[in-house]
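Asker: In order, the protein sequence lines correspond to chains A and B. Residues in the first sequence are numbered consecutively from 1, following the working numbering. Residues in the second sequence are numbered consecutively from 1001, following the working numbering.
Honestly, the hints are just simulated from the structure, not real lab data. Among the clues, some could well be false.
So, partial list: chain B residues that the calculated Cβ filter (under 10 Å) puts toward chain A [unchecked claim]:
1) 1015
2) 1023
3) 1034
4) 1036
5) 1051
6) 1062
7) 1063
8) 1086
9) 1089
10) 1094
11) 1098
12) 1102
13) 1110
14) 1112
15) 1113
Quantities reported herein were computed from a predicted structural model and do not represent experimental measurements. Here a beta-carbon is modelled for each residue, glycine too, at the ideal position from N, C-alpha and C.
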Amino acid sequence: MAERCISLDSTLDSVEVAESAILSDAKEVGFQEEQLHQLGLAVRETMVNAVVHGNRYSSRKKVHVTVTKAHDRLTIVIADEGDGFDPSCVPNPLAEENLLSQSGRGLLLIQAFVDEFQVRRGQPRGTEIRMVKYLANAS
Amino acid sequence: MSVKLSNRQVGDVTVVDAAGRITLGEGASAFRDLIKDLAAKGTKKMLVNLSEVSYIDSSGIGEMVSSYTTVTNHGGQLKLLGLNKRVKDLLQITKLYTVFEVFDDEPSAIRSFA
């Protein structure tokens, strides 16, 4: 298994950098166009959450991205240095009363496009999102 | 690449043509500002043509929802045209297919505003 770790500034440019780097690794694993699109969107949404909600664009905080390539999957961990959050407190974007909300759909989309998804408290602080996409589950 | 926006009239329907990517930052903001501007000027029938939009993220979806709310709060209608499969999938996942009227061809979309 090959692993890559990068630490990025809390800017929207970093979203592009992370997406590009991870899709490069995903192509090496053998993911095809549709899965690459899904993975790219999941990474984008996770990075935006880390930059905007986790680190709040702070120049003092980094977003840490770890990508692990295996022959049949890609594992991605994206961690911010913010205050952490409780996923159970995020309003359900599919509830009738929230359908017309301007925001709040990021986590829903991430989970729709990866095969495994976990939210964990970062150490010593912040939030860590772990995602796995399997090569075989093409849809 | 960000989003390129333009608008034209087809009868009394304003068609907003979008091309590129509607994502957090410049793209989503430009989209929101144009729709808001048109609504403020009294545009009541708006058709957003997304046939040249290759990519939308949740922020782009959010601005589409916000635009819909802005137009309907002004007593108007906002409908969507030309979604590719990926954008349609996003609307399905987010249940926004139950909110937006979506069309695959412009003549049908224009007629629906009558």
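Asker: Can we keep the residue 1112 of chain B interface hint, with Cβ of chain A closer than 10 Å?
Answerer: 21 Å, violated
Asker: Does residue 1102 of chain B meet its interface restraint, that is, does its C-beta lie within less than 10 Å of any C-beta in chain A?
Answerer: Hint on residue 1102 of chain B: violated, closest Cβ of chain A at ~15 Å, above 10 Å.
Asker: With a cut-off of 10 Å, does the beta carbon of residue 1110 of chain B approach a beta carbon of chain A closely enough for the hint to hold?
Answerer: Hint violated; residue 1110 of chain B Cβ to chain A Cβ min 25 Å, cut 10 Å.
Asker: Measuring from the C-beta of residue 1089 of chain B to each C-beta in chain A, is the shortest one below 10 Å?
Answerer: 8 Å, holds
Asker: Could you check if residue 1098 of chain B really has its C-beta closer than 10 Å to a C-beta on chain A?
Answerer: 7 Å, holds
Asker: Classify the hint on residue 1086 of chain B as holds or violated, based on whether any CB of chain A lies nearer than 10 Å to its CB.
Answerer: For residue 1086 of chain B, the interface hint holds, since the closest Cβ of chain A sits about 6 Å away, which is under 10 Å.
Asker: Have a go at the residue 1063 of chain B hint: is there a Cβ in chain A nearer than 10 Å to its own Cβ?
Answerer: 7 Å, holds
Asker: So, as I understand it, the hint says residue 1051 of chain B touches chain A; can you test that by seeing if any CB pair is closer than 10 Å?
Answerer: Interface hint status for residue 1051 of chain B: violated (18 Å vs cutoff 10 Å).
Asker: Report holds or violated for the interface hint on residue 1034 of chain B, using the least CB-CB distance to chain A and a cut-off of 10 Å.
Answerer: This interface hint is violated because 16 Å lies over the 10 Å limit.
Asker: Using Cβ atoms only, decide whether residue 1113 of chain B comes closer than 10 Å to chain A, and label the hint accordingly.
Answerer: Result: violated, 21 Å to nearest chain A Cβ.
Asker: Can you verify the interface hint for residue 1094 of chain B: is its Cβ closer than 10 Å to any Cβ in chain A?
Answerer: 5 Å, holds
Asker: Against chain A, is residue 1015 of chain B within 10 Å by beta-carbon distance?
Answerer: 23 Å, violated
The structure is inconsistent with the numbered hints 1, 3, 4, 5, 12, 13, 14, 15, although it conforms to all the rest.
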